[in-house]
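Enquirer: Residue-level listing of the chains:
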Amino acid sequence: MSEEDITLHEGGISTKYRRKELFKTWIVLLIKDIAIIIIISLIIMINSIIAENSNIPSDVQEAIRSRARIITYAPMIFFIGCIIVDVVILLLNFVFLTMYINNFSYLLTKSSIIIDHGILEKNHVTIPYNRIQNINIKQGVFDRKFNTYTFSIQTAGGGGKVTRVFTNAGFITVGAKPEGYIPGVVNPEELKGIIRQNMEYFSQVPSGVEDKILKPKEVAFDNFISLIMQRVEDAEKINFKLSEMMKKKQTSSEELSKMSKVSLQTINSMISGEYAPSVGLAKKIAVILNCRIDEIFQSKQD
Amino acid sequence: MRYLRFVKKLVSNVKEIREEQGIQQQVLADKVGVSRQTIYHLEKGTYNPKLTLSLDLSRELGKSIEELFHYEPVIYDVIGKATMDQIETINQKLDITYDKLKTLRDIKEDQLLNEFTEEQLIKISKILGYDLKDLFEKE
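Protein sequence lines correspond, in order, to chains V and C.
Going by this note's numbering, the letters in the first sequence line up with residues 5 to 306, in that order.
Going by this note's numbering, the letters in the second sequence line up with residues 620 to 758, in that order.
Extracted from the complex, chain C is given alone in its bound form (with noise of 0.2 Å):
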């Protein structure tokens, strides 16, 4: 049985993290030995660090790497930016309401193609401005 897969792509959480702890870009750079420039592109998640320089951030920041770095579905962040004319456009060319597209945001992967039919996704996905392969791919 074929099954439809999440994109997801790496976030990082050190901004989130730094800010809590009170460090500033600068100090933090010098703690780990890299430009100020490097913290900021890591923190925006426009650049995918080195494992040592996450091992180095993990030990500064005294979170793991886990914490630091997560995987998360790109459809999460494109539903969170939806903007009103896009969810009503869902809603009224695929009868499909808010609540249930929000639930994409937490439902399994095994069960996505129970609760979506694949043309709704590639409608979704259209409407949203994405093509189904950015946003889902296929097992």
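One chain only, chain V, in its complex shape (with noise of 0.2 Å):
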């Protein structure tokens, strides 16, 4: 097992969201049967209005009276149906959500965040850190109820392919979830924490390198710190001529600093000759001094 291997957090979707996904359709349940409710007292209502109405012959009158008799009894045994169905839908929602539930589990890994979800096909998502564009904490009307967020791992890629289906129960979200996609989360902001830190670990190495290198602060510090080095090196090769030209010419240190916009560290490092300056800086100098940049530094090998 490799250092990029090691599980940071490992989790998965907590019961709440069974019972959050199960509130949810029974709510649309509900709804959908007292809409049926209503429906059927409407038409019983019509129905008695127009049955005492006394301009209609007595006939059709009597005719009506007995069609209102089976639209009573009717709505009792389709009720009692739709009870039958409901309890059917809750039964195979509630297998559903405990298989996707048992099947859904993520990891937060030294390098990327890997999900693994499906019941039927298997599904094994890797996002690398470097590759996440944001990540977004969601809490729906059912989610602030139960307590629950879903999180979402947007990628520069894009998200996957979302099938939804209409059923009894409203839309059901099937097949392939987006790409960083997990519903039912207790803990959103220990998750985010965690992966905020590996994405700014990573997002300070050039893309490509970021498994070659595993301290990039470090790395960028040693660059810099070989770089002054290398100026310094480079100082034993010139021979410096500064403090000859700033006497020649009366100019004070600090004021070379000042006009040159260079800290007077510098300035100094490059009078006692410990620091040699770009060729930019040397000709500003030189400008400054009002000589040629040949008669303040000078190769050593010529």
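For the record, the hints were derived by calculation from the structure and aren't laboratory data.
C-beta atoms are modelled at their ideal positions from N, C-alpha and C, and glycine is treated no differently.
Take the hints with a grain of salt, since some may be wrong.
[As the list claims (entries may be wrong)] With beta-carbon atoms standing in for the labels, derived distance ranges:
| # | chain 1 | residue 1 | chain 2 | residue 2 | range |
| --- | --- | --- | --- | --- | --- |
| 1 | C | LEU732 | V | ASN294 | 21 to 27 Å |
| 2 | V | LYS265 | C | ASP696 | 20 to 26 Å |
| 3 | C | LEU732 | V | VAL291 | 17 to 23 Å |
| 4 | C | MET703 | V | GLN137 | 41 to 47 Å |
| 5 | V | GLU194 | C | ASP696 | 51 to 57 Å |
| 6 | V | LYS251 | C | GLU638 | 19 to 25 Å |
With the hints as a guide, bring the two chains together.
Expert: See the structure below:
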């Protein structure tokens, strides 16, 4: 096991997600049942109004009354049927959700996020931290009641395909979820914290070399130090005549620092011959002192 | 009395000198011990080289550093690259002819505000697509 595979965090969907989804389905079914009851009572009401209307011939009234009797009993049977269907839907939903939760797991490793999901079709999604663009934490109406969050990780490549199917209980999302989709998360801030930390860790490295460099900050610091070391080493190859020239032109190091907009330390280390400047700075100093570059900086090899 | 200074940039003459002497980039790079890319960027002016490298170059090419690099006001390049539209706009809006504009290239810094007003210079910079502070430094 390499260092990148070390697991930082491990988790699955909370069972609260199942309760939430069942509650959602139940609410939808309830609305449907209430709608059915309202429609049936409206039909009964209209029927009885027509039946009581004295302007209608008595034989027609009788026919309507007998139909109303049927309509009063039929809804009872219809309603019981509805409840049976509801219970079956809730049961199926329960089974589906249990399987979904049991088959869903995610891992945060040092290099990527790994999500495993799928009941029949097994999906294994690996998202490297350097591809993550942003993290969305959503808390819907039902999420709020059950204190859960939907976590989605957006990647540069865009999300996966989502198929939605209309059933008795409204739209149900089936098939592949978006790439970094984790529903029913109880601790989104903790998860976000870990991901952010790792994203920062990778963002400072040029893409393509992330795996080769383990501690980018240290490398950057090393580069900086080696640049300074190089400048100091270079200084040994150069003859510095800066102090003589400054004496000749009667310029103090403070003045020189102010005019060239370079720190006093840099000027002083050039005077003492410890630091080799770039051509740009050398030229600037030469212009300020009104002389030529080779009058102040000379190669020792010549 | 306050006056304006030109903002200057380091311009490299290495390309001209190298071509004059008929040396290839790669040959020069090998002689001074750097990669060809370094020479390329140095000639293009996108790279401010180390003093040791320029001393090596000056030895190889037999020229002084002063000849290899020089400071040039940014406005030289900007006026040189100005389009006909920009020159016409300056002519119409500020009543400055191209000949007058060109004097910006060889005017002395202390004479700058005698020839042009600060307001004119701000407008010229803007028409050329720059801020005043990109081209001139206030003293």
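Enquirer: Kindly indicate which numbered hints from before are broken by the structure, ordering the numbers from low to high.
Expert: 6
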